[in-house]
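**Student:** Each chain, written out:
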Amino acid sequence: MDFQFSPDEQAFAEEVRGFLRAHPPEGFAIDGMDAGYGSGAHSRDFLRALADRGWLTMSWPRSFGGQERSLMYTLVLFEELAAVGAPFGPLAGCNQTAEGIIRYGSETLRREVLPRIGRGEVTFWQGFSEPEAGSDLLSLRTEAVRRGDEYVIRGHKIWSSHAGIADYGLVLARTDPSARRHKGLSMFVVDNATAGMDIRPITSLTGEVYHYEVFLDDVRVPAGYLLGQEGEGFTQLLRGLDTDRFWGRFYKAPMLRRVLGELVQYANVTSRNGVLLALDRGLRRRLATLATDVQAARLLFYRIAWMIREGRPTPYETALVKVMADETGQAVAALGMEMLGLHGPLTGDSRWARLRGAIQHLYQTSLGQTIAGGTSEVLRSTVATRGLGLPTEARPRD
Amino acid sequence: MDFDLSEGQQLLVNTAREFLRRQCSPTLVAESLASERGFSPELWKEISVLGWPGLLVPAEYGGSGGSLVDACLLAEELGRACCPAPYVTSAVAATSLIAAGGSRAQRERLLPVLAAGERLGALALLEESASLAPDAIGVAAEPGGQLSGRKLFVNDAHVADDLIVVARGASGLCLFVVDTRRPGVAVLPMAALAGGRPCEVTFDSVRLRADDLLGEPGRGWELLQPALERGALVRAAELVGCAQHILELVVEHAKGRKQFGRPLGSFQAVQHACADLLRDVETARGLVHHAAWRRDEGDAGAGDIAMAKAYASRISQAVARKAHQLLGAISFCEEHPLHLFHKRILAAGLDFGDQSHHLEVVASAMGLA
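Protein chains in written order, with this note's numbering: chain A, 1 to 398; chain B, 1001 to 1369.
No lab work stands behind these hints, which were simulated from the structure alone.
Honestly, I wouldn't trust all of these hints.
So the derived list for chain B, only partly shown, Cβ under 8 Å to chain A, looks like this [as the list claims (entries may be wrong)]:
(1) F1003
(2) E1018
(3) A1254
(4) T1283
Computed from a predicted structure; not experimentally measured.
Glycine included, C-beta positions come from ideal geometry on N, C-alpha and C.
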């Protein structure tokens, strides 16, 4: 048993901290909102700075220009970035797409897209959900039809994060309409600049834009931009969702530690009705309880990372840890709002806001997280059936 | 990072699980808990032959010099079987105190017999206030003088041979090792739920010899602190074991029991509750292992142990309560084992500091003023 990062991994953590001291996150231009997952805002500026240090290609094979470092280095990088609130929003999507291209991609994708990911030039969105295909994703209707050396894609995607400011989408479409639900699906890398793409912003409850809906009107995609083979889409989706639940949530634990630290400082200097918040025994216990929950989730993330590194299957673990991280995040944000009281709803634009108005923002964004990437309801069923072997509920045949 | 158990640890777990499966049946547990002693002396003898009481005793005193991780792994198995044995009280708390604070003579006299399971130790700490704090100690004693007063909630004192008594002297708090058969010592079990054996112990002008003093006079609380933390952590491991077993009972029931022509476990309301039980057990185990590993590595980590104990107490109680609901009416019966696990969880959750005690430790460790 060993809960520690190796000396080399610890040295890398120090290297990242040194970089962050030399280049404070506030100094980078922001292009898209922070959706509260822990990876901060969307900043191409910051992404390029990471790429300049070679940190976007750490886990790639050497034959693809990577450094073949273990995933623990990516873990360390995410943790250090989240601990200071750096704007690395697009990073997980870049890593995930690169992994997909390295694993399944054509020569064209490896030549035309992969190097640009390594240089931090491009960001990605996911085109999975549709208006009528949410939790029941396999009922999706977007179609791709092969015509010569192209595919023509027609359909409607929604809840695609940062799609309007990204470069490419990973679009899941049906290539064989006659096949059963989970068969006949294929994954495409679609350039935002292609004719027929109509990407419309959806204003979120914070007043900012995070999600987009994407209308694909006979969008022509070169055959080389099909990821892998026709019909492999479902396998790639499962792998992608599994990766997303882990890598798209891992940084939430260090982020919540940072937020709890700020709430502790706030409690230490804020009195209400003549009593220092930090001396309120009930509040102390609730903060301690949440810190414990965050630590419990963090240790589970580490354990899963180790399982992935060791090549062990994680049939239910990523679903379990995602639910826990998201629900703990909601609880932290809710307690933060309660602690701030009347100051809670003040936004960062008010001179009277506390903690830069960050708590209300976290509170609002946290509401979407138990829905995105698999609702807590779907994922609890996953844990029950795949983790405990309970019988699946009767559902339409997949 | 490496989350695997070592070969030796895996062997310990496998041996314990198999031994307890064969020798510590639910019937034996129920009978033992209903008996006056609260555990089976025959079972304790066999456990002693396996060397478990000596797990934390250095090899030079007849133990196997195991780590705190080892003790937690064993305690989880004991919890999983709801094994009624004074393991944590004697083999963890009392033994740790004597190993850490005892003079050479005290260690030579007590550690080998504790390791062999031939003598049992217990910790006489709490009093009527039930407060786990140095200023709550009122029992008075002077080294070489007399010991008078009353202790409450002394777990397993009714079977203990030696009590480690926390008492207040002119120099401050002191620890004394006192034989329960010494004149003036009276032990009276407190009627309580079956999960623990709290006792009232009165000391009526008990004569203390100079060599009864454990550690330095006035430094008793400092000596006590690490042993309390070890006790808390091993209790947390035991709680994880209890919760693990309850989860297994629930899953077995959800798979086998049919209503409306379907297994219960195919209903989402049941599935989702079960998913939460799995989350609770797995994350609690992670906190326990992490805290034990840190302590073994020499890190202070008081906050880590407090997190593990507070969390394990909270989730194991939640698991037990939810299990009553999921198992249905049968779990309300004495013949069903759930209530025994539940009562063990209640008792273990209170031992070596309850949730609010440990959350306060966490709060301070977080930097709250």
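**Student:** Run every hint past the structure and note whether it holds.
**Tutor:** Right, here's what the structure says about each hint:
no., hint, in the structure
1, F1003, "holds, 5 Å"
2, E1018, "violated, 22 Å"
3, A1254, "holds, 6 Å"
4, T1283, "holds, 4 Å"
In summary, the one numbered hint that this structure violates is 2.
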